[in-house]
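Asks: Chains as they are written, first to last, in this note's numbering: chain A, 1 to 314; chain B, 1001 to 1671; chain C, 2001 to 2176.
Hints may be right or wrong, so weigh each one.
Footprint (simulated), chain B over chain C, 3 or more residues, beta carbon under 8 angstroms [stated by the list, open to error]:
1. 2078 to 2086
2. 2094 to 2107
Dumping the calculated DSSO-like pairs for lysine-lysine here, alpha-carbon to alpha-carbon at most 27 angstroms [what the hints assert, rightly or not]:
3. K30(A) to K286(A)
4. K286(A) to K2006(C)
5. K2104(C) to K1378(B)
Worth flagging that the hints you see were computed from the coordinates, not collected in a lab. Source: prediction; values computed, not measured. Glycine is no exception: its CB is placed at the ideal position from the N, C-alpha and C atoms.
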Amino acid sequence: MIAAVVLSAGELILLVTLAPAVVGYVRWLKARLQGRRGADIFQPYRELRKTFAKGMVIADTASWIFHVVPWVVAGSTVAAAALVPVVSANHPTDLLGDLFALMALLILGTIFLSLGGLDPGTAFGGMGSSREMTVAALTEPTLAIAVLALALTAGSTSLGVIAGTVLANPSYAIGPGHALALAAFLIAMLAETGRLPIDNPATHLELTMIHEAMILEYSGPYLALVEWAAALKLTLLLALAANLFIPWGIATTSTPGALAIGLLALLVKLSLLATLLAVLETRVAKLRLFRVPELLAMSFTLALLAAASSFFTR
Amino acid sequence: MPHAVFMVIGALLAGAVFALAWPSPAGARRLSLGFVLLACIGALIFGLDALLTGMLWTWRSDELLRPIGGVALRVDPLAAFFVVIVAVTGIPASLYGFGYLQALDARPRGRAMHALLSGFVAGMYLVPLADNAATFLFAWELMAVSSYLLIVSAPDQEGAAAAGVWYAVMTHGGFLALLVAFVMLAQGGPLEFDAMRGTALALPSHVQAAVVVLTIAAFGSKAGLVPLHVWLPRAHPAAPSHVSALMSAAMVKLGVYGAIRVLIDFMPPLPPAWGGAVLVLGVVTALTGVLYSVAEAHLKRVLAYSTIENVGLVFVALGFALLMRGYGYGALAAMGLIVALLHTLNHAVFKTLLFLAAGAIVHGTHESSLEALGGLIKRMPHTAILCLVGVLSLAAVPPLNGFTSEWLTFQLLIAGARFTAPTLAIMLPLALAAVALVAGLAAVSAVRLFGIAFLALPRSTNASEAREAPATMRWAMAIPAAMCVVLGLVPTTALTRLTAVTSDLGLPMGQLDVGFALELPLVGSRLSPAGIALLVAATAIAAAVASRVGRRWRTRVDSAWNCGRIAQSPRAEYTAAAFAEPLKRVFTGFYRPTQEVTVDVHPVSPYFVRAMTLRADFAPWIEQAMYGPLIRAAHRLSSHTGRLHTGSIHWYLALLPVALVLLLLVARWVQ
Amino acid sequence: MRLFTKIFRTGIVTEPLADEPQGSAIVLAREIDERARALFGRALAIRQVDAGSCNGCELEIAGLAGPVYDMERFGLHFVASPRHADMLLVTGPVTRNMAVPLRKTYDATPDPKLVVAVGDCARTCGVFAGSYAVAGPVESIVPVDAHIDGCPPEPSDILRGILTALGRVERTGEGR
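Using the sequences and the accompanying hints, generate a full structural model.
Replies: Right, here's the structure in full:
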């Protein structure tokens, strides 16, 4: 038990430290695809180090909520990351919560970030909060049904069990239910993490922003925390997609060899998914805000088909 | 212990008497509310004791209410649970009244209001305890009439009279439906509930169908099921806030109680179609409620619509229980019922808190529209933090109590989809999606409520001069806030008691918890809210320590960044309407928004605009389509009837014998 | 697919930074704090402020983020809010309307921070000097750390100027 807890703490630390590199990798690859040299994948670490060391400017209109937000956002995202099986499927945090708990923790972060956007009373902050909450609300049904599709085959919503079931029955992974659920989950993930085509993480135009508009008021260490949490959210969702839908390679025993293979498999899967993300972001343009629901409706339909098909295949 | 029931009723009676008879108005207020508070504390102790011991107790008197069949009371776990719900709401509501109603001391109607409150609370305690139709209907009507009078008690409140009419019509329609349902259930036998449990087993199917429809209509009209919800968003804002809290958190729940009592306790397992219908009704109600709650600007109406939403969620779980009971899956049905009851409790707790907070806002600012609020967190810090707890519960995020019920609802629907007939293959996933959407939209509504009312800059002078609520009001809000946290962190405390309720209704359920964690045997999922809370807190604190260690943060205060604007003004802030605008566009078909732009131009040239106004609204088309024809017909009928009223005494005297003859003829025909 | 074929054929077009300035002078207006230099060495967020420029400098600045000059390779990037910024890149003579906003932008930027004035106008008001609409050069409103001359300066010079302010050009020679 102690070993399992230590292992899972190690996995959490791995995910938290890996997160900026994932963002850095996506940025680097996008730069290459745009014909630029770009910064190397460790650039986000330098930026975080710099931002942590800078001073802060707090708006005079802000209340204590503004100071609480970064901690809650960081805390809830790290807690969500703690629930994700990273290199090993035997995960003691399965005892704490399941996929729905993970989703709810992410929503907790989103809610506080939105409150932080509203708190200083600027126009853009409110705009960002309104949009972020709208997109988050419309993503919920898709995620719920994708979870349902997984739970129907696995018989549980707990993350370790789902990964274990797919490992034990590889035929599930190529079934229509699984593939459709993965597609739906990936689209919902783009919306949750504010990537193209829903939100442009590199935009500088306030009127097109969603996530960025909420954090325009944050500076210094607070900004660093929020940025780190955003990177971690992306990484944990990628790791989740990797280990729930394509769990091969994940360690089922706690021997060092299995763990090393699990780590390697995780890195390969993460870089594959991140590559996919970068290629996609090069290919598509940002959607108008009011066309986003159409995309989400599409992913919802995919998820619903996934759930329905799992009735026919069982 | 059973005599506690009489002590509770006696205390409430004393409350009413003191309210009317005590010489000084302030003393009358304190004594009367004090007795209500005592009665609620007593009821809480009694209810919890009855739940823990699983006590069954009956009492009857043929002397009281003799003409309609005598009084019969019965305590079983289900009744005790709803007594607890009323008590849990009543304690903070009556404590709140001490400070909240101070301004009424100078008005003559203050005394009447305190007396009516006692009557209202007494009615709500008697409804779950009633054991025959007469007692039930008497208590139901006591509750309805006193709450009606409380709604119209603030005549200066805009729309109070109209709200009263809507409420009176809906609640009495429900009363009639209930009366007919009881008569049909009794099949000519005595109108005792015990007898009905027997006759319900042998009802012909068409009578059974009629009883089910009437029951759902009657209790649905009280609980606010769409399309019978129309009175709710009108009545809740019109009533004083402590009464709104009681209505929303307790009275509406008695509709749920009635539905469970008749559909599960009296009736044998119903055909699954009924369960499916209730589930669909619940989904529609939840969606309608949450969509309106996101778009509404009136503080208390936002909460009223959110009550409709939550009642919808309760009915989703209840419909699921009926469905599974119809299919014969006892454990799943029990789980559905447990989730319905738990959510009833959770909603009662956080909605009490939110209505009391809304009352504190109105009390402190004299504004009830979100568009006129803002920045209250600085002027009303305690109310703000208490309201934040309620808002987070409403948004169903861990580790507060709203999340537990949401999580259980999700698990419930997944379990149903796994174990039951393929005919449900699409229905339950769709219901799950709808519940998830409702949860997401509820989060939007919650953020909007708190963010617009408490954060940013005040949008009106009233808001910028807000006063913090008096101590009694804050303490009254602290009670449900603490319960939100406790029920959120250790939901097992409530859940284990609920298994007693379901087993008493013939739906036993196995162990649901492992220590502090929930474990569902049917889906193999675990949730430990306390563990999650610990994890979030630990990581947040660890991050705080790690990033503070060894360096001092240099913090400077500056004006908010508004792209270099000279001065920040609340006019640039996002408003409540703007916050909901993206959703209004996404759900255009539902809201059917209307927009009206008027431009005031300078007479010299149309290019010099002096003022522009935009009016944006949305059409309550469901309501218009359903009730428009009814209202028009009622108008026509009354204008026809009005013609008879000529004012001539001879004409009225002539009508009398006509009416007598007609009545005699009718009586003869009936016999 | 055609897009990716094109990407593949084009390859990386980023040009190395020339050794010598292309014709504009880069003047350090004051000694830059070593701590700030160390901090911003390889990660710098820039907020661009147009204080009344003719947009000539903006055209050149827009080139910085493109593939040819690619400022991201040096760890520089533009941000949307002065709260996120480490450096203000100010262009143009400061007009009366922009004087207060520029000052507010400077105040809104967390410390430590740098200000780089781009273009002749930012230093001397250029052809706009003496106009009733001009409040003065950038220096008269906010403290400037470095000037980049030119009307307009070339993107490579702007890049070089920023790197000089950071103390990176002398130290790393070619820039990377």
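Asks: Does each hint fit the structure? Answer for all of them.
Replies: Structure-based check of all given hints:
1. 2078 to 2086: With 3 residues in contact (Cβ-Cβ under 8 angstroms with chain B), the coverage given for the region 2078 to 2086 of chain C holds.
2. 2094 to 2107: holds (count 7)
3. K30(A) to K286(A): 15 angstroms, holds
4. K286(A) to K2006(C): With Cα atoms ~21 angstroms apart, K286(A) and K2006(C) stay inside 27 angstroms; holds.
5. K2104(C) to K1378(B): Holds: K2104(C) and K1378(B) sit about 25 angstroms apart, inside 27 angstroms.
Checked against the numbered hints above, the structure violates none of them.
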